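Take a look at the letters that make up each chain.
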Amino acid sequence: MKLTTLFDQAVDLDTASRGAFIVELAGRDAAMAAALTRLLDAEKAPILAEPNLHALRSIATELSVAAPKAVGGFQLIRPLGRGGMGEVWLATRSAGAAVQEVALKILRFDIGNEHARLRFQLEQKMIATMNHPFIARMIDANHGDGDLPWIAMEYVDGVNLTQWCTNHQLPVRARVALVIKVLEAVAHAHQHLVVHRDLKSSNVMVTREGVPKLLDFGIAKSTGDTQKTATAQRFFSVGSVAPEQYTGERTTVATDIYQMGILLYELLTGAPAYDLEGLAPAQIQECILHRAPEIPSRAVSPSHAKACGLDKHTQLQRLLAGELDRIVMYALRKNPAERYATAAEFARDLQAYLDGRPVLAAGQSKSYQARKFLTRHWLPSSLAALAVIAMLALTLQLLLRDSALNAAREAALVARDAATKERDKAQNLNTFLLDLFRAASPTAINKKDLSGIVLDAIDLQITRSEFIDDPSAAFALIKAALGLGELAQAQRFLAVLDQHRARYSADDNRQLLLLQANLANIEADFPRLKAINAQLAKTIHNATAQQKLIFIGYVGQTLVDTDPKRVLAFTDVKPLPASLIRLRARAFTSLKNYPSSIEMLVAASVRKDLTAMEHLSVLQSLALAYLANKEDAKGLLVTADLIKSAGTNLGEENLRALPFWNTRALALVRSHQDKEAIAVYDELLRWRSLSENVRFTITMNRLLAGTNQIAIDSLSRKLAHDVWRGRESLTPTSVAYAKIALLRVLSSERKLNEARALAASPDLFEQLEEPTITELRAWRGALSDPPQAFASGESWLTQLARVNSRDSHLHALLIKNRPTAIATK
Amino acid sequence: MQTPMIQGLTQSIAKWNAGDLSVEPELMQTIYPILRGLAQEQLSNNSRVTLQATELANEAFIKMRIGVNPVDNKNQFANKYHFMSFMAHMLRNLIVDHLRQRGRMKRGGEVHFIRYDEAKVEDVDVNEFDFKDVDWIALDAALSKLEQQEPSYARLVELRYFLGYGIEQSAVQLGVSTATANRMWRFSRAFLSEEMRT
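Taken in order, these protein sequences are the chains called A and B.
Mapping of the first sequence onto our numbering: residues 1 to 825, in sequence order.
Mapping of the second sequence onto our numbering: residues 1 to 198, in sequence order.
Next comes chain B alone, as it looks inside the complex (with noise of 0.2 Å):
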């Protein structure tokens, strides 16, 4: 049973997917509480097990149960495969814009941390440390041209990027070949490469 709310909510990914990008500020305010929260409650019923994007997108799923049709398992797919795209394209806005408030954060503020022994890495910030491995900034930059020219390829990379998916999983989740899934994936980021370097 839908609530006309997750019905509407429903139409509106399923226009995003179909690359309607207007309805996008509606979903995002819809969803993103949801999906703060659920990862919050993930952390706290569970600190052993690592939490991951990937599942939390799936929980926030279930949770919200988005396009559950026992009659039609096929529809409910369909939908839930749109709902971890844009799932991904959320996480991707989230982490950017975090990372821009952390890094006017630490402009203004006045901590700065020297690391002395790299090799000790259990009191390294991990933070600190992991950040540095991806430019998310200069990626979502990128990313936001590649979208202008081929939004599928954009959420092809945002499902890799932000959901951890492999090529597999996100040429399902997209409902192409994995061959096109690859071929995709090789332009993407050669496009992306491109830019980031200039």
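Chain A extracted, bound-state conformation (with noise of 0.2 Å):
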């Protein structure tokens, strides 16, 4: 039997003879009677409503809008799209022999519901006024009774926003540089008092030629007419709806800034400003209301630095961190008057950024200020130029490092080369060059501006591929930063210009290995730094003489100090080239074969063929061997000699002979010349434009000369406590010197209790230097009670020399207390 025969018989039984049959049937057909009993189940309570006509009139409405042939005399070709009131489709209509190509939105709703058709008629009305060319202009519309309502817009053959920018694999720049445009558009909308309330990327689509145009003013409605849009559409795109939207308020050219600031939100990060996905409804409420999406640079999605053209997420970051940060948050302000209170502002502030102008949605400190303005007049001239501000600013910069100076001078160089290679580069130059003197006194740029210059000048040509075509101003950009020490900067674009080795030349080649040795070399990464040498080996025949002696270099690097003889087997050469000779000193100390040492600086001393800064820079070390090898007086001397020398060349008060006057002063003090070194100290210290740091140490410097006179001046007395109780930011080695400057003072006040519980006190000597763990562990000796000799039996006295420390107070404490020291042992 058949089961709707079954059915038919069972269904109108009573509970309990139902149950009979079924189970009767189970007896014959298990399963049929099994289906018999869900069915009987389903009826009653069955799920299917009864037939809804309402349903089925909306489904005839829908399809028989979503399928007619021709509207208004346009011919339907395909769909478009379905925006918030239509359908738009690709219409094309006779006109004479050209066929005109439209997007022909139509109203979709239901033809009986006046007021979305009064409400397509106020969009009609609304796109006839704009005429703007980032806007798709409205080509025709139909304003009869009795026909479905449609409008014949400007055919935009592309894509929407964000796909273009991904396809195009759009940089940064160029996204902030369409947003502009949009934000014009928008702008224009506004002057004619039409807010769109609907900006998303769907609604702005770009054309083949990268023109941006702004669709569907759908839910736009007037500015001037607050009437008309009393029940205000209450359904938007999730995730742009600005909070006024939200909660129902008036929605002001504000709303538009907010949708414009998601817009760029997602652009640049590649992900939605707010995740509403599977929220509640009160936690969306939440969000939009009173939760401040994450900032930018922190919210890029994984994927989106490769969108960008950028190899790492990291460079993305690093792009976004800052102006755009400010710019977009800005605009994303919660309160509408606190947001960029029009369009064009906020087409400006973007524009501000691609200029390298103060944005105004950033903080206005002066710092920031400075460094804007330095490299707001970089921009328009030659990127290289930039290499040339930095590295003249570091000239007036005291960089106790020589090889950030040499790395900054090299790029100079390089950069002057490039910049001079069109007239008119260097002719942008020149004028900066004097902007840059007028404008930044030398205490107005510190090293951190000059990083960000360097650092933002590293981003953009990463942004726009500069370095593909002609590496010169990336290698000199490069340079600067690893003057700078800014090593993960410069780290992070020698990768990139390595992934473009194949376009390289092999001198450019050459120089990019060379680069990377240099940065293996500031690290101290001897390993990689061997690595790259061997790569370097095999091309560095090609290669010029500087070069090849800055690889003659790097191989003495990895050497000097594991295999000292054998850079000194392979610097023996004559004459020495100059960038050894460093070298060549350093493996002898190495060897603490000093007089080797001694023997070579001097020969180089007298050279004719050195730089004034390499000659002097020769002096400074045959100063100091002379000092290691305890010929003190020579040592003097030679610091004299260097001292006028740079006098000679360098200037008066020119940072870079300040690391000259510190071995001046040092030999002075060697040579118990305590006042004669003060008095260089003082000097320094009147001089302007020093760094917090070098100030310290010259600080420093001048309070362990000055308490190591026997007659302790109270300038150095006040010094010394000062300092003491200050030593909690200071480094293990500077706190170490403050100790032992004021155990001079204590001892020299016979305070010799207080002294003894400070001698005690804990030190960090795995971190201090040989001759200061010495001198703390005697000052620990000689007041200890009874005094204790040195644990090898020697005196602290010999111990002391040996360290060459000169400690009067020390030395007076030791020399009193000797027959106790003598007998303990």
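Calculated from the structure, these hints are not laboratory results.
You may find that some hints are simply not true.
[Said to hold, decoys possible] Subject to a maximum C-alpha distance of 27 Å in a straight line, what follows is the list of computed DSSO-like cross-link-like pairs (lysine-lysine): (1) Lys334(A) / Lys15(B); (2) Lys145(B) / Lys44(A); (3) Lys2(A) / Lys15(B).
[What the hints assert, rightly or not] If you only want the chain B side, here are some residues facing chain A, beta carbon under 10 Å, derived: (4) Lys15; (5) Tyr153; (6) Phe187; (7) Leu192.
Since this is a predicted model, take the numbers as computed values, not measurements.
Heads up, the beta-carbon is just placed ideally off N, CA and C, and yes, glycines get one too.
Got two chains here, each in a separate frame; can you build the complex from them with the hints?
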């Protein structure tokens, strides 16, 4: 029997009879009985509603609108999409001989919905008033009643904004530039008293030529007509709904600013400002009304760097951090009154970012302004000019490491050559330099700002891919970054360049390797340096003499500590190239072979082929070698030459001369001329434009010299206490020096109990140098009761002599207590 | 006067009504554009009148003059009933295809609407709203199963759901008694409910 028949029989039975019926059926056909049981259960609670004519009607309406063949004289070709209120079709119309292609927007709403119709007509009117290259043009519209309302718009044969950016792997700056254009369109609409209110990627199409076209004023309203929008539409694309839209408050131009902020956010990060997926309504409300989105640089989606043509996530983060973060967050303020006042203002701020001018959204801090000034003036000229600026400013800066100075100088030379390749660039450069010197007094620039400029420039290079055709400016920037100690950024840029090795000439590739070697050298990563050296060795025969020398220097670096003899072997050439003098001297020092070091440096000091700076460097090394060899008098003589030559060649108060003056003062201390040393330090402390670090270093040296006198001056006494109190913020070495200075002060004041307690305080010996450790231990031994001798049985005085300590107060204490010290032995 | 094409169509619809589903693709191909054109025309001519699927099908029938035979009124009606059944079936296919297509569009698209205040129906996208009432795609799947077992039951459901016919109207259309139509409806509803639940 059929299921239908069985069902008909069973369905009208009462419960008991039904049960019997099914049991009986189950005896014959268990499967059929099971199916019947299920059906009878379903019949009791059918989930299927009675046919719903309302539903049918709307489906029929939709169907009929979805596939009309012609509307208003246009042939419909294919659907382009579905907007808030209608459907958009690609449609054509014959206009004479030509066929006109349009995007035909057809109202999809129930025809009886007068409300929707009015809104649609309003949209028609609004679009008709606008005329802007970045707003899709209205071509035609129908006004007659009794027809499907439609608007024929300029057909934009392209893709939406997000898609376009992704397809073209558009760099961040280009994305910003596109958004500026869209903002211009939005500003135009605002001028015509129209607020778009549904600005999102799918409403901005980009043509094949890259021209953005703003579409769909579907839920736009007229700013001048608040009455009509009393029942404002309450549905929007969730992700871009502004707080005031959510709460149903008045929507204004600020709403469009907000939505453009959301759009910019998504273009920059590849992530939605608010991920509302799966959130409960209350959570959505919380997000939209109260929670600020993650700042863009922290919200970058993992794959987005690639989409922006960058290799690393961190590169993109770095690009966004700072101004773009601020601009986006400014546009996304919850309070409409706190956002950019106009779309034009928003656009101007983005333009300011592109031009390197200060952005409105940013804080107006002084160093920020200064940095912006520098970058702005650099931008119009060649990228290379930037490195020159960085370098020139660097020369105003005291950089204790010669390597930094050298790197910066080399960078400047390369940059200058690159800049003068074109006359106008050189012209710009000159103008810029004048501005720089006028505007930037040395105190106004610090290393941080300079780093900022270099880092920005590197970002820009990467963004614009300028390094691909001509890496010379890139090389200069890397040198500058290395000189500034911005190793991470240098490394990052090097990695980018490394990927384009195939494009570069052999010479450029060699330069690239040399820079990589430079980085490895600075980082003292000798295994890596060795690996790079091995690569360089294959290509070095074609290198310039200068490059060969640098290469030998790097090879030497990997060996000088472990195998100084080998370094001496391969640097044993005459005349010794200037760049290798220091390396060779270091090799001798490694072997504690000071006499040979001195011999070589003496020979070098009379050479005529050295630059002034190289000559000064040789004199400094020689003076230090003499001091190491306990030839203090000779050391002092050399320093006299050194500072005289420095004065002649570098002028007064040149920060590059500062290390030489420091060496001079050290020699004076070693020769028991503490007063003269103090005079040198006091003179240096009068120099302007010392960085904090340098000022502190000189102060500490001044303190050590001052407290080493038998009659300690009152300034030194006060300073010793002050520095010791502030030791929290000092390095272990500085703490140790401060401790020694205070021990001297207490000892000279006969406050031996206090001194003893101080001497017994713990020291971070593992972080200190040998002479300092010996000195601190000697203080502890001399102040203990009874005084302790040096562990090996030597006297403390012998041990101190070995490390070249001539600490007057410690020596006095040890000599005074000598009998006891010897007695305990 | 009937054209050969219409004559062929009439025969095909009669065959289809008798359970020969092999003629279906051919029928669809012929009638589909006519039906859509009619719907469009109707909407354009009178914006005030709400379109009804029933009227649409009627219009289609009249337009095509299927089976109009001034001599044999009875035959004409039989033809028209056949036609309307088929029209209901065709509407079902159209709607389900359309929804499937729209579902794809939706998944690929980026437009998500939320409604903040359900009370304001006039602001609500009608289509987004009403389609929620019936899971048309699930219904279609269940209906296909029913169709395999009891084709005439499936015809009844189609008439009811896709042309909005009442039980009596459907009974006439299918040429059965109202009591039989009631029984068919009762079974179909249980069957479809069971299918759609699982």
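Hints and how they fare:
As the CA atoms of Lys334(A) and Lys15(B) are separated by approximately 67 Å, the hinted pair breaks the 27 Å bound. For a cut-off of 27 Å, the pair hint linking Lys145(B) to Lys44(A) stands: about 21 Å separates their Cα positions. Distance hint between Lys2(A) and Lys15(B) is fulfilled; the C-alpha atoms sit about 24 Å from each other, no more than 27 Å. With its C-beta approaching chain A no nearer than about 24 Å, Lys15(B) sits outside the 10 Å limit, and its interface hint is violated.
Against a cut-off of 10 Å between C-beta atoms, the interface hint on Tyr153(B) holds, since the closest Cβ of chain A lies about 7 Å away. Taking 10 Å as the C-beta cut-off, the interface hint given for Phe187(B) holds, the closest approach to chain A being about 5 Å. Because the beta carbon of Leu192(B) sits about 5 Å from the nearest beta carbon in chain A, less than 10 Å, this interface hint is met.
Hints 1 and 4 from the list above are not met by this structure, while the remaining hints are.
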